[in-house]
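Visitor: Sequence:
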Amino acid sequence: MSDRRIVLWRHGRTEWNANARFQGQLDVELDDVGRAQAKRAAPLLAQMNPARIVSSDLSRARETAGALAAETGLEVVTDRAFRETYSGQWEGLERQEIQAQFAASWAAWIEGEDLVRPGGDGELRGEVADRFVAGLMPYVDTLADGQTLVVATHGGSARAAIARLMGLPETHWPSLGVLSNCAWSVLVERPASQFWRLIEYNAGSLPEPPLSDDR
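Counting with the numbering used here, you get residues 648 to 862 for the letters of the sequence shown.
Incorrect hints may have been included.
Unchecked claim - Using 20 Å as the maximum straight-line C-alpha spacing, the simulated DMTMM-like pairs for lysine to aspartate or glutamate come out as follows:
hint, residue 1, residue 2
1, 686, 722
2, 686, 718
3, 686, 662
4, 686, 676
5, 686, 710
I should point out that these hints are in silico values taken from the structure, not numbers from a laboratory.
Based on the sequences and whatever the hints tell you, model everything.
Guide: Here it is, written out as structure tokens:
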């Protein structure tokens, strides 16, 4: 018997990523670099033999997931639960515009303060984590022992979900670094615990078996 795995895979690059324009839940497509990133990553992730692929319903995540579907022959199921953080008035603005117009709330949010709603009425990180994990567990429950679920999603929502799955207190969530476009993180089930173990973070290569005394 072996433990189940979750792979959280950030979408490839978009033109807005390249221009530091805040996307949130606006539907922005991959650019040519992002499509190439997804095509390059897909054969590696296919070697993990995913049993299921699910994706945010936003096109940048769907198209990223589609590259893996083409490698594996699996169907992609889309779900709004895996969308990026809703960020209110910040969505569509460049980073420097947000810094100029919302200086105090932007600074607090960047530092990890989770009482600040991005863009005035956006989601708190804890709310994003709750949404994501609640949507995730029904898919995990369909996995047999040793199977892998790949979720094509977004950087902010993936970080919040990883922190929640690991059981990190919210004050420690900023210690998880920003995820790169088309990088993935791998969590392994701990059957004796309600929390999951993070074995790869912001990766672009396959996990190697840990050769350590404290496995």
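Visitor: Now, for every hint given, state plainly whether the structure supports it.
Guide: Right, here's what the structure says about each hint:
no.	hint	result
1	686 with 722	holds, 17 Å
2	686 with 718	holds, 9 Å
3	686 with 662	holds, 17 Å
4	686 with 676	holds, 15 Å
5	686 with 710	holds, 10 Å
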